[in-house]
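Novice: Using the sequences and the accompanying hints, generate a full structural model.
Going by the working numbering, 1417 is the number at position 51 of the sequence shown; the sequence numbering is gapless.
Derived by calculation from the structure, the hints in this document are not laboratory data.
Beta carbons: idealized from backbone N, C-alpha and C, even for Gly.
Watch out, some of these pointers could steer you wrong.
[What the hints assert, rightly or not] Think about it this way: if two alpha-carbon atoms lie no more than 27 Å apart in a straight line, the pair counts; the simulated BS3-like pairs of lysine-lysine are:
#1 K1409 with K1650
#2 K1409 with K1607
#3 K1409 with K1461
[Stated by the list, open to error] If you anchor each label on the Cβ, the simulated ranges turn out as follows:
#4 E1589 with R1483: 32 to 40 Å
#5 A1455 with K1409: 24 to 32 Å
#6 A1585 with E1458: 38 to 46 Å
#7 G1561 with E1514: 14 to 22 Å
#8 D1450 with D1528: 28 to 36 Å
#9 P1526 with M1442: 24 to 32 Å
#10 A1648 with S1449: 43 to 51 Å
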Amino acid sequence: MGKTTRRTFLGSSLAAAAGAALGTAASCGGRNPMAAGPAPGFKLGLASYTFREFDLDAALAMACRVGLDRITLKDMHLPLDSSDEDIRATVEKVKAGGLVPYGCGVVYMTGEAEVDRAFGYARAAGMGIIIGVPEHGLLERAQEQVRETGILLAIHNHGPGDPRYPTPGSILDRIAGLDARIGLCLDIGHCARSGLDPSDEAARCGPRLLDVHMKDVSASAAEGGTVEVGRGVIDIPRFLKTLAGMGYRGTLAFEHEKDGRDPLAGLAESVGYVRGALAALAAKAA
1367 MGKTTRRTFL GSSLAAAAGA ALGTAASCGG RNPMAAGPAP GFKLGLASYT
1417 FREFDLDAAL AMACRVGLDR ITLKDMHLPL DSSDEDIRAT VEKVKAGGLV
1467 PYGCGVVYMT GEAEVDRAFG YARAAGMGII IGVPEHGLLE RAQEQVRETG
1517 ILLAIHNHGP GDPRYPTPGS ILDRIAGLDA RIGLCLDIGH CARSGLDPSD
1567 EAARCGPRLL DVHMKDVSAS AAEGGTVEVG RGVIDIPRFL KTLAGMGYRG
1617 TLAFEHEKDG RDPLAGLAES VGYVRGALAA LAAKAA
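Specialist: This is the structure:
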């Protein structure tokens, strides 16, 4: 028998607990009260990096616990060097649990081989989008892969100190004139940490907005850290209203980086806050 690591033990324990609370198979396909609620066209999902300290089984079970049925997989849950067979097996596991593995990332690309590997990985998985960070000199190669595969590339802004794409504007400047299927994954926390208003940045992105990392931060400055959505400085209702007004049809993927070893409570609070804000938005529109 292989050695049981702390991560495996914690993951197995939490998966079992979440599965027991959900019923058999911990499937998101059953009735789950947290999954209900209005949304103006866009969808709620999860960036699996939230559960970076846990194995895939635990990540899937906890996503279901909070009613999220869409997920992007980070490489600790599906390694980038996996064989096509292993990729397909993992995707089937995710689907069997009632979730849609709609994308992957964040995927860093520092050479042409890594660009090709990322798109081959996503194609084998049947994913429609890569949340990625290609080096500037690789954008043309990435565009070739987008055109060949039809897979979207959403470049992720990473805030102050990031040498490649610190702000949404730094991405828009680089992709102007490239294929329209190359756009942004707007990380609203890093927007705020850069002193930018996420609502204004979303509007600026327009049709180039392909995905969103949903979170909140403690300060509109570089030192701002992730907090539960609704407890920080971002005007979440205004952001959601902006997306609705734009006709955004992508996913809001929660990326709760706080409390990496015990993220479930904070994620649940964040999801509940956003569902409540969406319900209020829908009521006003009725």
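Novice: Now tell me, hint by hint, if it's right for this structure.
Specialist: Tested hints:
no. : hint                         : result
1   : K1409 with K1650             : holds (19 Å)
2   : K1409 with K1607             : holds (14 Å)
3   : K1409 with K1461             : holds (17 Å)
4   : E1589 with R1483: 32 to 40 Å : holds (35 Å)
5   : A1455 with K1409: 24 to 32 Å : holds (25 Å)
6   : A1585 with E1458: 38 to 46 Å : holds (42 Å)
7   : G1561 with E1514: 14 to 22 Å : violated (38 Å)
8   : D1450 with D1528: 28 to 36 Å : holds (32 Å)
9   : P1526 with M1442: 24 to 32 Å : holds (25 Å)
10  : A1648 with S1449: 43 to 51 Å : holds (44 Å)
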